[in-house]
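Student: Got chain A; can you put chain B on it based on the hints?
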Amino acid sequence: MTLTLIALAAIALLALIFGSLLGFAAIRFKVEGDPLVEQIDAVLPQTQCGQCGYPGCKPYAEAIANGDDINKCPPGGEATIKELATLMGVEAKPLDSAHGVESVKKVAFIREDECIGCTKCIQACPVDAILGAAKQMHTIIIDECTGCDLCVDPCPVDCIDMIPVEVDSSQWEWEFNKVPAGNIPVRQVS
Amino acid sequence: MFANYDQIIERLSVNQLWDFPGGVHPPQQKSLSNKSNIEFIPLEPTYYVPVKQHIGVEGKLLVAEGDRILKGQLLTASESPFSVPVHAPTSGIVAKITRHVSAHPSGIPELSVIIDADGQDTWIELKPVPDYAKADKSELIERICDAGISGMGGAGFPTHIKTNNSKPLEFLIINGIECEPYISSDDRLMREHAWQIRQGIDILVHILKPKQVIIAVEDNKPEALETMSIACQQKTNYQVVNVPTKYPAGGEKQLVQVLTSREVPSDGLPIDVGCIMYNVATCYAIADAIVEGKPLIERVVTLTGRGLKSPKNVWARLGTPIQSLLLHGNYDASTQSSPRFIMGGPMMGFTVTSVLTPIVKISNCILVPADNELPHPEDERACIRCSACSDVCPASLLPQQLFWYSKSKELEKAEEYNLFDCIECGACAYVCPSEIPLVHYYRQAKADIRNQREEKEKSDKAKIRFEVRTARLQKEKEAREEKYRLASEARKASMNKDGGNAKDKIAAALARAKAKKEAFAKEAENAQSAENIKKKESVSELSDSFALPKTKLVAVDEDAAAKKERVAAAVAKAKAKKVAADEAKKENKEL
Numbered sequence: 024m025t026l027t028l029i030a031l032a033a034i035a036l037l038a039l040i041f042g043s044l045l046g047f048a049a050i051r052f053k054v055e056g057d058p059l060v061e062q063i064d065a066v067l068p069q070t071q072c073g074q075c076g077y078p079g080c081k082p083y084a085e086a087i088a089n090g091d092d093i094n095k096c097p098p099g100g101e102a103t104i105k106e107l108a109t110l111m112g113v114e115a116k117p118l119d120s121a122h123g124v125e126s127v128k129k130v131a132f133i134r135e136d137e138c139i140g141c142t143k144c145i146q147a148c149p150v151d152a153i154l155g156a157a158k159q160m161h162t163i164i165i166d167e168c169t170g171c172d173l174c175v176d177p178c179p180v181d182c183i184d185m186i187p188v189e190v191d192s193s194q195w196e197w198e199f200n201k202v203p204a205g206n207i208p209v210r211q212v213s
Numbered sequence: 004m005f006a007n008y009d010q011i012i013e014r015l016s017v018n019q020l021w022d023f024p025g026g027v028h029p030p031q032q033k034s035l036s037n038k039s040n041i042e043f044i045p046l047e048p049t050y051y052v053p054v055k056q057h058i059g060v061e062g063k064l065l066v067a068e069g070d071r072i073l074k075g076q077l078l079t080a081s082e083s084p085f086s087v088p089v090h091a092p093t094s095g096i097v098a099k100i101t102r103h104v105s106a107h108p109s110g111i112p113e114l115s116v117i118i119d120a121d122g123q124d125t126w127i128e129l130k131p132v133p134d135y136a137k138a139d140k141s142e143l144i145e146r147i148c149d150a151g152i153s154g155m156g157g158a159g160f161p162t163h164i165k166t167n168n169s170k171p172l173e174f175l176i177i178n179g180i181e182c183e184p185y186i187s188s189d190d191r192l193m194r195e196h197a198w199q200i201r202q203g204i205d206i207l208v209h210i211l212k213p214k215q216v217i218i219a220v221e222d223n224k225p226e227a228l229e230t231m232s233i234a235c236q237q238k239t240n241y242q243v244v245n246v247p248t249k250y251p252a253g254g255e256k257q258l259v260q261v262l263t264s265r266e267v268p269s270d271g272l273p274i275d276v277g278c279i280m281y282n283v284a285t286c287y288a289i290a291d292a293i294v295e296g297k298p299l300i301e302r303v304v305t306l307t308g309r310g311l312k313s314p315k316n317v318w319a320r321l322g323t324p325i326q327s328l329l330l331h332g333n334y335d336a337s338t339q340s341s342p343r344f345i346m347g348g349p350m351m352g353f354t355v356t357s358v359l360t361p362i363v364k365i366s367n368c369i370l371v372p373a374d375n376e377l378p379h380p381e382d383e384r385a386c387i388r389c390s391a392c393s394d395v396c397p398a399s400l401l402p403q404q405l406f407w408y409s410k411s412k413e414l415e416k417a418e419e420y421n422l423f424d425c426i427e428c429g430a431c432a433y434v435c436p437s438e439i440p441l442v443h444y445y446r447q448a449k450a451d452i453r454n455q456r457e458e459k460e461k462s463d464k465a466k467i468r469f470e471v472r473t474a475r476l477q478k479e480k481e482a483r484e485e486k487y488r489l490a491s492e493a494r495k496a497s498m499n500k501d502g503g504n505a506k507d508k509i510a511a512a513l514a515r516a517k518a519k520k521e522a523f524a525k526e527a528e529n530a531q532s533a534e535n536i537k538k539k540e541s542v543s544e545l546s547d548s549f550a551l552p553k554t555k556l557v558a559v560d561e562d563a564a565a566k567k568e569r570v571a572a573a574v575a576k577a578k579a580k581k582v583a584a585d586e587a588k589k590e591n592k593e594l
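Those sequence lines, one after another, are chains A and B. FYI, the numbering for the first sequence is 24 to 213, going by our numbering. FYI, the numbering for the second sequence is 4 to 594, going by our numbering.
So that you can see chain B by itself, here it is in the shape it has in the complex:
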């Protein structure tokens, strides 16, 4: 099946590699931007730092509007293992914490810290690790997390999670492939900072203890290959490998397959086949974080395309709006009929919705194509079933079937055809003669499925909560009924204990009630007959009539009768008062 460790080492030593299925060879266009050194650009007046720049959850905000901050200061704290903090790209004042257009195809505004630079660019006190070789593994991983490093190749997976590995590891693969056309940021980084990348690799080797390190560079970057070879020549278990140029050889699963012949399982990670992969830029950032103590606040960004007069690579602080980068690249608006800026490469990037879109940890390229360079997409035509897409699919999927099922929203079917193994490389759409934006359909279907799953999860939770609540209410009701039942039983029991006494009391109460009734009947009679009599008189009579029958009951219960009498008198008084008040009202009205 798959090659074992020794076989792989043997083949790597003669640079004889495997291959992955499919793949395309789009025009490279790397020479546009890879001719000159990475440039430093002057400070921006304003930076827009999104709170979340990676896969996972955002950290907790540590700063408030109006705070003075220093370069490299933490803006958020990582709270859960899946969150990565972000840092201030320069010193200045937190002008606002608000929602700002995101570096995402949707452009949906996301929480961002907007920083007004003070121009001083003062570093916060840096705390490098004096000797990483003596440092504890967990301390280094914590440092990597605190420095805000997440994968810089494209996906943005938190690096500290990947680094905290406990499974057996054979190959540490350093990805310097950069297979997407136009992009040359990793190329320039390897040429100019091979030594620091090597330092980063050393740190990773110290933490992960792999058997072998493979540094993979595509053969269209001979200079980078050479510098990396020189930087790594002292290390015997570091192998710099020359990988044939083919898109998407830089994909994680594809590169593992090219180097080791092993296929990463469908829902697995490279570690399942004994590999871990890091991008060269991530290694550079790790070296920065450990050796210098610097957090990740800047990265190399390629400014390229024929819409720019001077394409190049620059060190851009995270949070730099792309409009200023366009300025540095001498944007020539006459080349474009309508402004079109692509973040990322032509295959996997996205058109930004605003020129204020900030650079984030995964933005490796700003592509400004001239109209004749990357023409606007034509309307898609019907699929002619040429199967060119399945020939080029690097994941050996069936793009046609996926397309039909995604388009008709038969999501279950699409999932059956392994939609989630699609790496969205765009090779299928690149070769499609009908210009169908295939990846777009897959992304929509994926998003649909994810949302459905999320909803399902939520509804399951709601169901459980509802059921638990219903059960609780039922229990409470039963408990209440039980209480009442017990109370009534206790009453009965105490009644029986008293024996005849209680029964007598009841009889007395009944008699009283009866008497009262009679009295009311009499009162009614009196009221009818004594209409003309003055109110005060009627009152005394009434109280008498109340008192009279009561006296008969004295024998039964003297005390109660006397009490009742007082109450009756009070009631009568109140009634009289009311009647008097009514009368007075009537008189007032008549007057």
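Bound conformation, chain A alone:
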């Protein structure tokens, strides 16, 4: 009888200790937010263009975490889909053309003498890459522009162009088949 009581007491004590330990850990090491969403968000290109149908990359990341398709991101293209597929453990699919097609990287450019200073594009820009004030000329901060296209539609005078980003030699990817040059090093015969 005493043995049973001791055993019961011991189990109860252990349960109490581990319970409180778990309880402490649950509070102390609480995970803020969904880490999966963060991971998906990190893979997405952060253009915030909304072509996926969600108002930005984070909402789309949340949607993917909740089971939405992974092939709705045209700016990310094949590479992003592949990465998402590995991350989510699903099959990579071709890009859903309903959301747009993968194209070269572009940045917006305001033809400044045509700008009437309506600030509509400033309100549309998801990353605050447009500088300007009411009735003053606006301009785009190229380095901050993600090429999302969202400023083009609101412009009442159509003075915004999307210009492909020029590749300079620092970004060049050594594609010799595109330039008439030879390989390095050259072969030397003695």
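Everything labelled a hint here was simulated from the structure, so no lab data went into it. Some hints here could point you the wrong way.
To be verified - Restraint-style ranges between C-beta atoms, simulated for each label pair:
| # | chain 1 | residue 1 | chain 2 | residue 2 | range |
| --- | --- | --- | --- | --- | --- |
| 1 | B | S497 | A | E55 | 53 to 59 Å |
| 2 | A | R51 | B | S491 | 42 to 48 Å |
| 3 | A | D176 | B | R453 | 32 to 38 Å |
| 4 | A | S120 | B | S491 | 48 to 54 Å |
| 5 | A | L44 | B | E479 | 40 to 46 Å |
| 6 | A | E55 | B | E481 | 20 to 26 Å |
| 7 | A | L44 | B | R453 | 43 to 49 Å |
| 8 | B | S313 | A | A65 | 40 to 46 Å |
| 9 | B | K506 | A | E61 | 53 to 59 Å |
| 10 | A | E55 | B | S491 | 52 to 58 Å |
| 11 | A | R51 | B | F5 | 43 to 49 Å |
Unchecked claim - With a Cα cut of at most 30 Å, we get these calculated DSSO-like pairs of lysine-lysine:
| # | chain 1 | residue 1 | chain 2 | residue 2 |
| --- | --- | --- | --- | --- |
| 12 | A | K143 | B | K478 |
| 13 | B | K412 | A | K81 |
| 14 | A | K128 | B | K449 |
| 15 | B | K464 | A | K53 |
| 16 | A | K81 | B | K464 |
| 17 | A | K105 | A | K81 |
| 18 | B | K480 | A | K143 |
| 19 | A | K128 | B | K459 |
| 20 | B | K461 | A | K105 |
| 21 | A | K129 | B | K459 |
| 22 | A | K128 | B | K410 |
| 23 | A | K116 | B | K459 |
| 24 | A | K53 | B | K478 |
| 25 | A | K128 | B | K416 |
All of these numbers come straight from a predicted model, not from anything done at the bench. Backbone N, C-alpha and C define an ideal beta-carbon position, used for all residues, glycine too.
Tutor: For chain B alone, coordinates are given in the frame of chain A:
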């Protein structure tokens, strides 16, 4: 582990050096071009000076099209610490500032200042430092920066950044190795201008205060070794060292290892093991900048290869298009089936895309190989895993693995195998029996990784900006709602303060609205019944009908009623006018 200072000094004194792993011994071919003095060449009609000629960022343009400029005048100003200015190679007029084919394997046009020479070659006023030994360290570094000096050995690292050193320094190493075949520009420079190189070294010693200076010359250049020894013999802490010929002994990390046994850490610099290295041509340029006040506007370029009838070394102004250098070297087109000009040496150089490619600060050689001399590359075959590449790799990497991962774009794996420690010397590709252009694959992989990193950085920035913006909009929305809430509360409060008065007002307003409604109903009736009546009459009736119920309300609020009456009359008038206008239109139509 690594040898300490005293051990190194002891071994250097008997010229007993260490070795680096791997390396190859390609045919030297230096005797083609190193037989004659460095020649001066006549002025060009046009120079193409790229705004950016080094690693880092370009400076800000100081000249505009049409400006008259003097030789040595600043074309750009260095704005950030990583930018180095460029100077006018001769006096003349800025013909154009436009994009011109770059001295880069891609040949992608880059911003260049195109100068039409006036033939006078007039110097701008030079400001030499009268006595550098008395000058301040920071002033000298500034002078070096203003003179536009960046490393002339190949990488083009801004010299003033390297010179602005605050870490403990033991060895100042002067690199006169020039290990790449064919090139002899440093060789000739050491033979002919050893004294000025020594001056440059003196200035660097004054700035950097090293414990020991090592001047390293490869043993295939005995004349240069001798002249440098003579130039430096008075200085006790200058040691001229004879380094065995092996490619790539001239690589920065390799040379540090050969001279000191110390290995530069993977993502570190030689200063991390107590060394700083300068090329001999850079020392020459430093002496020019400080002692003469001359900016860097020309350099020695080797013109060599069996495609040239008279290979030699020349002083070429920066911005000289290579087509004129080919002319000076007597280019023999019959030796080549298709024109092929290599900027740099056969191991690390690149084939230029245009003969208008300009000479820049890092161009040390123009190689014009005859067809039978450097045959065009054959198609690559499959890797047979002979491991010859890993035997010769001076960085002790695994070129095969790097090749597979680079080719299959498994970039993370490639990085794990230390792709970024590859110095792109080309030794692996040189020995590859399957003719695989290994370095090419590594360069592609490196570029891919760099671009991905850049994109990642950009997307992270965009993410932060997006989140900040979203948070700001949310805050603004909340602030707005708060404002509305406060305003409505204030309204309510003031209403309560008035007490019954306000309530009466509301009641009156309600009553007025009701009356108005009734009046409209009546008006509708009237309109139906009085179709034939003249418009003017109906108008008066309407206004009456508006006025009638109003009079009943006078008791409630006389003033308001009177006002309302006036408004109602105005409305009625406007309506009548409209109806009349419609009528008139109708009549016109009927007519």
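Student: Please go over all the hints and tell whether each is borne out by the structure.
Tutor: We went through each hint and held it up to the structure:
1. S497(B) with E55(A): 53 to 59 Å: Given a distance of about 45 Å, which is not inside 53 to 59 Å, the answer is violated.
2. R51(A) with S491(B): 42 to 48 Å: holds, 44 Å
3. D176(A) with R453(B): 32 to 38 Å: Holds - the Cβ-Cβ distance for D176(A) and R453(B), about 34 Å, lies within 32 to 38 Å.
4. S120(A) with S491(B): 48 to 54 Å: Between S120(A) and S491(B), where Cβ atoms are some 49 Å apart, the hint holds.
5. L44(A) with E479(B): 40 to 46 Å: For E479(B) against L44(A), whose Cβ atoms are near 45 Å apart, the range 40 to 46 Å holds.
6. E55(A) with E481(B): 20 to 26 Å: holds, 22 Å
7. L44(A) with R453(B): 43 to 49 Å: holds, 47 Å
8. S313(B) with A65(A): 40 to 46 Å: violated, 60 Å
9. K506(B) with E61(A): 53 to 59 Å: holds, 56 Å
10. E55(A) with S491(B): 52 to 58 Å: violated, 36 Å
11. R51(A) with F5(B): 43 to 49 Å: Given about 46 Å between the Cβ atoms, the range holds.
12. K143(A) with K478(B): holds, 20 Å
13. K412(B) with K81(A): Holds. K412(B) to K81(A) sits at ~28 Å (cutoff 30 Å).
14. K128(A) with K449(B): holds, 20 Å
15. K464(B) with K53(A): holds, 27 Å
16. K81(A) with K464(B): holds, 14 Å
17. K105(A) with K81(A): holds, 18 Å
18. K480(B) with K143(A): Within the cut-off at roughly 18 Å; holds.
19. K128(A) with K459(B): The hint holds at about 14 Å.
20. K461(B) with K105(A): holds, 20 Å
21. K129(A) with K459(B): holds, 16 Å
22. K128(A) with K410(B): holds, 24 Å
23. K116(A) with K459(B): Measuring from Cα to Cα gives roughly 23 Å; hence the hint holds.
24. K53(A) with K478(B): At roughly 27 Å apart (the allowed maximum being 30 Å), K478(B) and K53(A) satisfy the hint.
25. K128(A) with K416(B): Holds: K128(A) and K416(B) sit about 27 Å apart, inside 30 Å.
Consistency with the previously given hints fails for numbers 1, 8 and 10, ordered from lowest to highest.
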